[in-house]
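Throw the hints in and build the complete structure from the sequences for me.
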Amino acid sequence: MNYNWNWGIFFQPNPMGTGTYLDMLLSGLALTLKTAALAWVIALITGSIVGVMRTLPSKGANWFGFAYVEFFRNMPLLVQLFLWFFVLPEILPRAAGLWLKQLPNAPFWTAAIGVGFFMSARVAVQLQAGISSLPRGQKMAATALGLTTVQGYRYVLLPMAFRIILPPLTSEFLNTIKNTAVAITIGLLELTGQARSMQEFSFQVFEAFTAATILYLLVNAVVVTAMRFLERWVAIPGYITGK
Amino acid sequence: MFGNLDFDVIRRALPYLFYEGMTFTLTLTFLAALGGLIFGTALALMRLSGLKILGRIAGIYVDFMRSLPLVLVIFWFYFLVPYIGQWVTGASRPISVGAFASSLITFIMFEAAYFSEIMRAGIQSISRGQPAAASALGLTYAQTMRYVVLPQAFRNMLPVLITQTIVLFQDTSLVYVLSITDFLGAASKVAQRDGRLVEMYLFAAVVYFTISCIASYGVRRLQARIAIIR
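These protein sequence lines are chains A and B, in that order. First residue of the first sequence: 0, per numbering that gives the first Met the number 0; consecutive thereafter. First residue of the second sequence: 0, per numbering that gives the first Met the number 0; consecutive thereafter.
Treat the hints as calculated values from the structure; they're not laboratory data. Do not take every clue at face value.
[What the hints assert, rightly or not] Example chain A residues on the side facing chain B (calculated, C-beta under 7 Å, incomplete):
id, residue
1, VAL78
2, LEU82
3, ASN219
[Stated by the list, open to error] Label-pair ranges, simulated between beta-carbon atoms:
id, chain 1, residue 1, chain 2, residue 2, range
4, B, ARG192, A, PRO12, 33 to 41 Å
5, A, ILE90, B, ILE37, 38 to 46 Å
6, B, LEU30, A, PRO12, 41 to 49 Å
7, B, GLU19, A, THR17, 18 to 26 Å
8, B, LEU30, A, GLU199, 42 to 50 Å
9, B, ILE59, A, ALA234, 42 to 50 Å
10, B, LEU30, A, TYR154, 50 to 58 Å
11, B, GLU19, A, ALA234, 48 to 56 Å
12, B, LEU4, A, LEU55, 31 to 39 Å
13, B, SER48, A, GLY237, 31 to 39 Å
14, B, GLN142, A, LEU217, 42 to 50 Å
15, A, THR17, B, PRO150, 51 to 59 Å
16, B, SER95, A, ALA94, 45 to 53 Å
[Unchecked claim] Just some of the chain B residues that point at chain A, by a computed CB distance under 10 Å:
id, residue
17, LEU79
18, GLN142
19, ASP170
20, ALA190
Positions of the beta carbon are idealized from the N, C-alpha and C atoms, including for glycine.
As structure tokens, then:
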């Protein structure tokens with residue numbers, strides 16, 4: 000392979016004057032984590048609401064939950080980001096559109112919202128599966144105790160369902176982190192974006208991508224380990240994973 | 000709001016969008032699903048082979064691919080494939096690989112990791128008695144897999160495999176980062192040439208949505224049919 004390896008490149012100053020190339024990649028990593036965190040908050044909140052709606056006895060709520068999930072699941076994430084970024088400001092009333100376009104950090108907010116809503120459909124599906132995996136008697140017992148529907152969900156169904164779906168939620172969270180890389184297309188300089196610009200400035204393709212790969216693997220390992228602790232901590236006694 | 004939209008721009012771009020763009024997207028989806036399924040099945044068999052070293056290699060490969068964003072993998076292969084080609088053919092310089100070949104290799108390698116997990120679940124869903132019965136009948140390992148285990152595993156997992164292919168169909172839009180003319184790439188080129196981002200991106204969204212919706216409706220029906228048989 001006639002490729003000029005130069006692993007020292009990471010400690011050379013980058014052309015942006017923001018420190019070394021390594022600093023560039025680390026700032027990309029920070030942005031990846033920030034975007035993923037905000038997206039995950041959005042996904043968890045809206046996904047939980049929609050997931051609950053899909054299990055309610057009301058036909059209307061069911062239908063809305065179904066339509067919501069189908070809407071966000073059947074379009075590529077990239078197309079959704081383009082809709083948020085290029086299309087939304089144009090079809091809003093002029094003043095609102097202008098405000099959106101002039102928003103500082105627009106790629107960051109668009110990426111967080113776009114990835115967040117995209118992932119919320121997946122969270123909703125998981126939560127619905129978790130709630131329906133509970134024995135029917137739990138909902139009935141909650142009703143028999145005089146709890147309202149809201150209380151039944153708040154104190155009985157959701158605490159159980161969320162613990163059951165913790166493992167699939169972990170992989171959805173990892174997907175959220177990975178999906179922020181799609182935002183490179185709207186100019187977000189997250190980890191993949193920074194690796195790409197490092198490659199363009201320095202021509203050291205493989206060093207840049209190797210470093211990004213290692214950082215992604217590290218993040219993955221940290222999240223998986225942390226979630227394993229969380230799983231053990233909240234495990235339900237009597238279940239296979241319980242104490 | 001929608002007053003100054005020019006939907007004629009879509010009509011004029013239709014031949015380009017579908018003959019160039021959609022053909023690329025569908026061919027890539029189909030071939031990548033096929034290749035991913037073959038490699039994925041091989042990985043799953045490695046993992047279940049009982050040979051520790053083979054299982055480790057396949058496991059590391061699958062975990063590795065699944066921890067990386069697809070965009071990064073696309074970039075990796077885009078730059079790596081010419082060097083691999085040089086190494087394989089013994090050429091003196093990195094060989095140039097077309098956009099299609101490069102993205103096809105990327106998606107096969109990437110999807111193999113996901114298909115292998117599905118096939119592994121499918122193979123594990125076959126009861127232990129079946130391979131035992133097969134070897135009692137004198138079938139070799141290859142024959143057992145070929146005639147007994149894999150056909151059933153494939154059949155049981157068909158809905159999941161198709162669902163994964165729908166995800167793959169949507170993910171092929173990411174070749175946009177290499178400026179390739181897939182369906183979204185074509186839409187985006189027209190959008191930028193004519194300054195009609197809103198119309199073109201809305202249209203692209205509608206097309207992806209319609210195709211994925213029809214396909215996932217088909218999966219639900221298939222699932223219902225398979226569920227009755229079992």
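Taking the hints in turn, this is what the structure says about them:
no. : hint                            : verdict
1   : VAL78                           : 5 Å, holds
2   : LEU82                           : 6 Å, holds
3   : ASN219                          : 4 Å, holds
4   : B:ARG192 x A:PRO12: 33 to 41 Å  : 39 Å, holds
5   : A:ILE90 x B:ILE37: 38 to 46 Å   : 44 Å, holds
6   : B:LEU30 x A:PRO12: 41 to 49 Å   : 44 Å, holds
7   : B:GLU19 x A:THR17: 18 to 26 Å   : 40 Å, violated
8   : B:LEU30 x A:GLU199: 42 to 50 Å  : 30 Å, violated
9   : B:ILE59 x A:ALA234: 42 to 50 Å  : 28 Å, violated
10  : B:LEU30 x A:TYR154: 50 to 58 Å  : 52 Å, holds
11  : B:GLU19 x A:ALA234: 48 to 56 Å  : 54 Å, holds
12  : B:LEU4 x A:LEU55: 31 to 39 Å    : 37 Å, holds
13  : B:SER48 x A:GLY237: 31 to 39 Å  : 36 Å, holds
14  : B:GLN142 x A:LEU217: 42 to 50 Å : 44 Å, holds
15  : A:THR17 x B:PRO150: 51 to 59 Å  : 57 Å, holds
16  : B:SER95 x A:ALA94: 45 to 53 Å   : 50 Å, holds
17  : LEU79                           : 8 Å, holds
18  : GLN142                          : 36 Å, violated
19  : ASP170                          : 7 Å, holds
20  : ALA190                          : 8 Å, holds
Of the numbered hints listed earlier, those contradicted by the structure are 7, 8, 9, 18.
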